[in-house]
Amino acid sequence: MLGEGILKGLAETAKNFAGSFVSAERLTTVEYPEQRIPTAEAARVFPFLVYDGSDWEAGMRCVACQICEKECPPKCIYIEKSKDKKPDYVGKMQIYPMRFDIDISVCMSCQICVEVCPFEAIKMDTQFELSTMDRFGGLLYDRKQLSQSNEYYHKIHPTEAAEVDARLAEEKAKVEAKAKAAAAAAAAKPAQSAAAGPKSAEPAAGAKPSGAGE
Amino acid sequence: MLEKADQLFVLLKDWLVGFLPGGWHAPAGAILGVLAIAVVYPTLFAIAVLLERKGLGRMQNRIGPNRVGPFGVLQPIADAIKSLTKEDVVPLNADKTVHFLAPVILVVVAFMGFAVLPAGRNMVLVDMDASLLFYFAMGASTELSIFMAGWSSRNKYSLLGAMRAVAQMISYEVPLLLSSVVIVMMTGSLSLVKIVEAQNHYTWGVPHWYIFTPWGCAAFVMYAISATAETNRSPFDLPEGESELVAGYFTEYSGFKFALFFLGEYLGMLSISGLGTTLFLGGWSAPFAFLQWIPSWIWFFSKVMLSIVVLIWVRGTLPRLRQDQLMNFAWKFVLPMTLLNLVVAAIWRFMGEGLLRWVVCSAILLVVYVVAGRTEMRRKHFGPRSYRYAE
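Protein sequence lines, in the order shown, are assigned to chains A and G. Take the first sequence: its letters are residues 38 to 251, numbered as in my numbering. Take the second sequence: its letters are residues -5 to 385, numbered as in my numbering.
Hints are computed from structural coordinates only; laboratory data are not their basis. Wrong hints could be hidden among the right ones.
Stated by the list, open to error - Chain A is nowhere near these chain G residues, computed Cβ spacing over 12 Å in every case:
| hint | residue |
| --- | --- |
| 1 | Leu5 |
| 2 | His19 |
| 3 | Arg52 |
| 4 | Val62 |
| 5 | Met106 |
| 6 | Phe130 |
| 7 | Pro229 |
| 8 | Ala283 |
| 9 | Ser296 |
| 10 | Ser301 |
| 11 | Gly310 |
| 12 | Arg316 |
| 13 | Arg379 |
| 14 | Ser380 |
Claimed, not checked - Residues from chain G shown here face chain A by an in silico Cβ test under 8 Å; the list is partial:
| hint | residue |
| --- | --- |
| 15 | Gly49 |
| 16 | Met53 |
| 17 | Arg56 |
| 18 | Phe141 |
| 19 | Leu312 |
| 20 | Val364 |
| 21 | Gly367 |
Beta carbons: idealized from backbone N, C-alpha and C, even for Gly.
So here's chain G without its partners, still in its complex pose (with noise of 0.2 Å):
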């Protein structure tokens, strides 16, 4: 019974598809996972959303939307409804293909990242040998969406948006790899799915998930500071920079292209948030050994949401970052810790089985941080400012 709720998806696609005949069976499979990915992670971007307008208020202490239906949770719906119903104004001078492509871009490419998310046992779009490659692959691409975007509007906002936002990408696109570059040392996999298997056991009831080794930990910082940055959330939302840019790269889209370019946004955070999990958290492996009788993908699922919780407390946090902070931040911090961890991983590797390894590399990723922070992220005393004119 309990086997049969954990596969329950599966089951219902192998059912659906006996309905035809033997040679449409893996055409028809295929499709139907692309609906279930259209569908779901869609509503959890509605979730998502609805979470983040409720809880930012209270962390605000204000109450937050609470018309729309019971507690305002048809609040989503009313959003779309707006949104699809909204004109869609073009600038005279824009490029249109462009400008109309861009959203377009950005939401197929954040989906095309799902396909190879493992969201429960055997629930896999694609089981590719480079699954992670491909995923990077994908999520890089986001960024030519969004200089397409800032480019075709040809408004200065946009622009200077879209530039701020390629350049923080690409800033924090390195370290985001890197930091994902450990599990792929230790599983010795580019599979997600074998990724998966690898954490997928336990010592004692606990699993053996990534985040719980000191570079797995580190690594797993590293990749939610490049991961909130990679997703232009606050504190480094500097591309969206409401008080400065308008609304950057997306400031001349409107009505089902602003709505496009905000699904674009939760996807991306939805699917690198599925990443995380799968890297670090154990995917859809359950927290505790006695906990396995309950379906993987509620364990998978459940994870990505508290992840996005926890942006959002971030985002109900911090201020915004300043483009020299995010930049010294990138390059000077994050990257070398990430290249340590790369030494420290190989460490780990090689001093076998034991205590003494752990104490070892948990040593070095501390004083290195300690001192790092000291001395890189030190702040920095200006003086008054002094200006030089032509002569």
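Just chain A, with the same shape it has in the complex (with noise of 0.2 Å):
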């Protein structure tokens, strides 16, 4: 019959209406200052730059590579190079940015930046509560502003920060194991010129495992 489901319907609503009431999970909403709903790992919001230890400024993992310069769509980053340089996490020297300015106004959070650095030193933060009275400064962030510890890292995305602790730390003893081969490898070409015996290629050979080894 006509109106049956109209019927049916402001059954519903009533039922909303009376449970809304009584049972607080009924309840979709949550009242936002004061309570929040955890963000979910995958979030992201705006870039920030990632530095290890305490000290923002020595343990900046950027180097000024400017790939993510050149490949932000909207331009929102820019890079200036230093003139002199410092040691990377692995202990080899690098230039670092002198200005590392990204334009929040700007980003469109694409994670184009974060997929094309090669020094894991640039990722994506799950702050979203950037409101300020200054639209210009205010959204212009400086590498300051910018930067925030691994430890952050570890807490907002922590699977993917274990992932890519996994990776340096990969890299740093690979880089290791043949700074030390290097080493040994330097350290045999002088007991080498001096034994001048005819088999002198073999105990250079030698050497790598034992080297590698200690």
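Reconstruct the complex from the two isolated chains, following the hints.
Here is the structure:
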């Protein structure tokens, strides 16, 4: 009969109306500033720069290669290279960014800068309460504002950060092994020239595994 | 004592007017009555808005506004301050005079309707002989202001919204009037005061409200549907149609003028609920004989607010209709039903007292309702659309 569906619908809304007073789990919303829903692990808002250790300036992973600046679709990243160098996480001397600005009013949160960074230096933040009274300067973040520790990265994206750490540790081990091998080879060279024997290649070849094992 | 509580406002008015010399009594009384209407109904509007926001929230399993004051009860005041302090933007190409006049006329016309509604025993501002006619004349004028708003804004969405509104309101004006004509037929008077008085007597403690008769019940249902459409309430809120028309005819209004439109809309709801209460729900009469000691104005306003709650409930339940469904429903279902109801009321009148007229009238209405619902309102399957292009 005409109107039956309307009565059914009215009963449904009445049930919702009464139920929302009785059971709290019916309520789909939370009282936002006091109550918060934890952000999803895959959430992303704007990029930040990762640093290792406790000093943001010394531990900064970014080497100012400017790949992200070139790849950024809305061109919201501005980088100035440094004249001097500082050691990176493996101890190699690298240049670092004198200026690293991101205009978050331009950024579109596409994550391309994160994808292209070969140094795991730029990652996506989950912080979304970024309102400010100054819409120009307040939304232009410099490298100090952008820097966040590796521990913070672990806190907001645990799985991803663990993967990144494993990869960096592996790379570091590889580099150290290479350096040791090079050092061993360098050490073996004077010994080889001193011996001046006909079978000069064999001790050098034998030195390599023993050097790596130490 | 109870007699005095019932006549509280009438006595208050007489007491205040008594301070003036004799010749001034009538105009001062009228001014006081106008002031009372201008205070009471906007207050009810604020309560209705709060009820709507809280109630709709609860129906959607939300909490609703709860920040301003305890449980958000001061929210209407915050809303009012916000709309009063907002910038009033008038489009460059708009017809400035008409653009300004439209919301003013809407509110004035909405207030005019309250003049003839009896809000309690002896509590009516103007006791006209043809007050029902006056009410409908005023109600029809809202169409004018809505079209003025849509036309003067020079905005396609405003104009579309206004055209929809006018088409819809004129279509539903007809069944609205015809469903009220039944009451006039039975009472033999166009005076709303007389209509309430005709319902204000009791048999076995139950009042003779017109809704408790077959023709009155059918007329009430038709009246409620038409009134919902007449005030542009969901599910008939096509003129506003947020999803397709921005805000309909008041797209180009901001600040205080927007607030006036909002006020006019809710005053329209309140006044049409008041008229429905007067015509079908016995106006200010008590629902049971033993409750007659409660002042009459309390009954009137609680019935009005109950109607508002039902309107909010319906808004929380139903999705918006399509334009063709809206028109089909008005012309193919509601209008024939109201015409049939006129015939049924005539049958009722000439069959005399007895149980038989109850059976006959109810049977006619029910059978036609079911059959018309089956045939006229059948869901049509349109099939795939075909487009014809100019060749």
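Checked hints:
1. Under the 12 Å C-beta cut-off, the non-interface status given to G/Leu5 relative to chain A holds; the minimum distance is some 40 Å.
2. Every CB of chain A lies more than 12 Å from the CB of G/His19, the least distance being 49 Å, so the non-interface label holds.
3. The non-interface label for G/Arg52 is inconsistent with chain A: the shortest C-beta to C-beta separation is roughly 5 Å, within 12 Å.
4. Distance check on G/Val62: its Cβ is at least 14 Å (rounded) from any Cβ of chain A, clearing the 12 Å threshold; non-interface status holds.
5. Every Cβ of chain A is farther than 12 Å from the Cβ of G/Met106; the closest lies at roughly 33 Å, confirming the non-interface assignment.
6. No Cβ of chain A comes within 12 Å of the Cβ of G/Phe130; the nearest lies about 26 Å off, and the non-interface call holds.
7. A Cβ of chain A approaches the Cβ of G/Pro229 within 12 Å, the least distance being about 9 Å, so the stated non-interface status is violated.
8. Distance check for G/Ala283 against chain A: the nearest CB is about 30 Å away, which clears 12 Å, and the non-interface claim stands.
9. With a least beta-carbon separation of about 19 Å from chain A, G/Ser296 lies farther than 12 Å from that chain, consistent with its non-interface assignment.
10. Even its closest Cβ contact with chain A, about 15 Å, leaves G/Ser301 beyond 12 Å, as expected for a residue assigned away from the interface.
11. The beta carbon of G/Gly310 is not kept farther than 12 Å from every beta carbon of chain A, the shortest such distance being approximately 5 Å.
12. At the 12 Å boundary, the C-beta of G/Arg316 stays outside the reach of chain A, the nearest C-beta of that chain being 16 Å off.
13. Once the 12 Å rule is applied to beta carbons, G/Arg379 is consistent with being away from chain A; the minimum gap is 26 Å.
14. With a closest Cβ-Cβ approach of about 30 Å to chain A, G/Ser380 is found to remain outside the 12 Å limit, as its non-interface label requires.
15. The beta carbon of G/Gly49 is positioned within 8 Å of a beta carbon in chain A (closest approach about 7 Å), and the interface hint is therefore held.
16. This hint holds: G/Met53 has a C-beta 4 Å from the nearest C-beta of chain A, less than the 8 Å allowed.
17. Of the supplied interface hints, the one on G/Arg56 holds, with its beta-carbon coming within about 5 Å of a beta-carbon of chain A, less than 8 Å.
18. The restraint placing G/Phe141 at the interface with chain A is violated, with a minimum CB-CB distance near 30 Å, outside the 8 Å limit.
19. With a cut of 8 Å, the hint placing G/Leu312 at the interface with chain A holds, because the nearest CB-to-CB distance is about 6 Å.
20. Hint on G/Val364 holds. Least Cβ distance to chain A is approximately 6 Å, under the 8 Å limit.
21. This hint holds: G/Gly367 has a C-beta 3 Å from the nearest C-beta of chain A, less than the 8 Å allowed.
In the structure shown, a violation is registered for the earlier hints numbered 3, 7, 11, 18, in ascending order.
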